[in-house]
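Peer 1: Which chain is which? The protein sequence lines are A and B, in order. The first sequence begins at 0 in numbering that gives the first Met the number 0 and counts up by one. The second sequence begins at 0 in numbering that gives the first Met the number 0 and counts up by one.
No lab work stands behind these hints: they were computed from the structure. Hints may contain errors.
[As the list claims (entries may be wrong)] Under the rule of at most 30 Å between Cα atoms (straight-line distance), these lysine-lysine pairs were calculated in the BS3-like manner:
1) A:K159 - A:K292
2) B:K219 - B:K161
3) A:K387 - A:K376
4) A:K230 - B:K3
5) A:K292 - B:K219
6) A:K387 - A:K11
[Claimed, not checked] If you anchor each label on the Cβ, the simulated ranges turn out as follows:
7) B:F97 - A:E262: 49 to 57 Å
8) A:Y288 - B:F11: 53 to 61 Å
9) B:E92 - A:L270: 19 to 27 Å
Where a beta carbon is used, it is the ideal one built from N, C-alpha and C, also for glycine.
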Amino acid sequence: MANNYLTTESKKLATWYFTFAAIIFGAQLVFGLVAAFQYVMPGFLFEIVDFSVARMIHINALVVWMVFAMMGSVYWLLPDETGIETVGIGLGKLLFWVFAAAIVIVVLVYLLVQVGPADQTTIWFINEGREYLEAPRWADIGIVVVVLGFVYNLYATGMKGNRSGIVTVLMADMLAFAGIYLAGMGYTDNISIDQYWWWWVIHLWVEATWEVFVGSIAAYGLITMIGAHRKVVEMWLWIEVAMLFGSGILGIGHHYFWIGTPEYWWEIGALFSALEPLPLVAMFIHVLYDWGKQQGAQEAQGKEVSVIANKPAFTWFVLQALGNFLGAGVWGFFHTFPQVNLYTHGTQFTSAHGHLAFFGAYATILIGMFYIAVQGKHGIKVMHATKKSIWATSMIFGGVLGMTAALTMSGYVQVLVERAQMGASWSGYFDSQASVWFAQGMDWRLIMGIVTFLGFVILVTDLLSIGKATHHER
Amino acid sequence: MAKKTVWSDNRFWQRSAAWITGFASILLIWLTFDTIPQIKMGNDADLQNGVTKRVPGPTVINYKITYEMNTKRGHEIPVIGGMNAEGTSAFQEKEKFFGRDDWSQDEAMELLALGKLASQSKNCMNCHTLLGNGAYYAPDLTKAWLDPAWGPEGSMQSMTGKSTKEEAMAEFLQHPSQYPTHARMMPNLGITAAEAKGLVAFLKHMTSIDTNGFPRNFAKIQGAVHGK
């Protein structure tokens, strides 16, 4: 790479992970658009790329690009935090190619083979047919090997170099992240037990270990981008870990209301998942507070310049704090009590929450990491926004908020008509889908999805060009 | 200088985080040990002896299943083989499934296992919801066995030219796009006759799972006023 200012192999490797993540992010949006279009025009690609296929790739690409970008983020911050080069760079590079090749094969099989006969060969080689964890068994084993190799590198580096609070949290968190995946790999004839363990992976990833992960990344960002005080930031991080795990682990109960599990999960799920938004509020306040504190301290010294060393990245970090609170916190809280969830479970309400939560909590901060990598690669001291970065940020964030609003409206119609009025039957389902208000919601979701996608295209061109802009401080 | 306080001590918060996480994890594991035995699949002897299981044995396909309001629990529960005086399953009334009501434990298990495997192999969950989980492009299948559309009053039996619910469902599953009900259709997934039979057994069995009253009022309301 020309003009590469990166001095550590770890950061160079991080840029590989970020690049591949951005490509898969694009695939996620393309297949999301296909699925959104099918809601409006059901005949589109019928029996060619059916909704089930498009949707499977949409959500799998989501998980995969985020995991890639998470690994990239760790490789990026390790040299800064530990003060040494990452141990096992060769292994990291090998695992990158293994993981990337496996993903390409899995997606091609999803697209070209799609479904198989009802036997174990399908489960092993085509798809497992379990939402989010569709990857066939061979790929499951591959993922575990790749993640364990990654965890080894993290541990070896953390133990050899300076083990900061952020690195300590990441070490504990990534081990749990890898271990929990094992819970979702088995096969059982009993669908209740199946879904019980399936939630261990989905919930304990996105509502526990991933949340702690972004807490660590946010802490790193506050220290590097606005010069926040490490001791204060790390103290906040430990409080967040306590709050996130304290509420999130037993918050899993809100998935055990209706899958055959005993009624006591109503109380456990309601109580702990109602607490889940608290750390998200705390994280939001924490980011804004530190920003204001640093800026104020600087202005007190008579310096009227911004403390932010990377404007586009910091913008995404602040949007993460807001989006996580809104998407995971508020939209999650909407339907987390069993009294409400009885009617909203499995409607577009869930979909609205899913879109804003995954985006707000994870996509935002990982896009922020992309910008941090661009800054580092080009050796920029203070990176300013460009017109493109402002457009990309506004269109993506606005687009996802728009999709969420549209899905919430449709979900509302579905809850009232299908669930409350019609008792959840087949005809009740289709009556709700045929409602004008539901259909309008789907139209708006598609329109806002297109806005999001165009924003993504601008984002990619910005990431490729912003480093060469001349208005940065070098 | 102010005295050092524990509240601004990172070690204190680190230890608190470790203790809280450990405590929550142990509680979850303990609850798992309580829950898993409760949702283990029952067997034919349970049904014969009138033992209610949250997830009944596979031979539940030999019985009539309904979904009734239980005043004691305050929500609907699956009622197997007719209702007894307490408003729960009597395990008496049988119902023919593909012409038989004497499927043995092994035969029924084989059918159910094939159906569960087919539900994953055909990726049902990326259009439908099962137990409310999955995608929202097609109806929830939790209590699909009891949906009026497939019953004697519904349109699906005459549309598929079959005289029983299970045969109509199996026929539809094999050739879904031949029987379009809405603009949004189910695609042909290459489901064989055997797989279709297994899937119908899987659906009937899923209806018998005690889902704590989800979905509410299933198919109790026939045609709402201004439903659309």
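Peer 1: Could you work out which earlier hints the structure fails to respect and list their numbers in ascending sequence?
Peer 2: The structure conflicts with hints 1, 5, 7, 8, 9, although it agrees with all the remaining ones.
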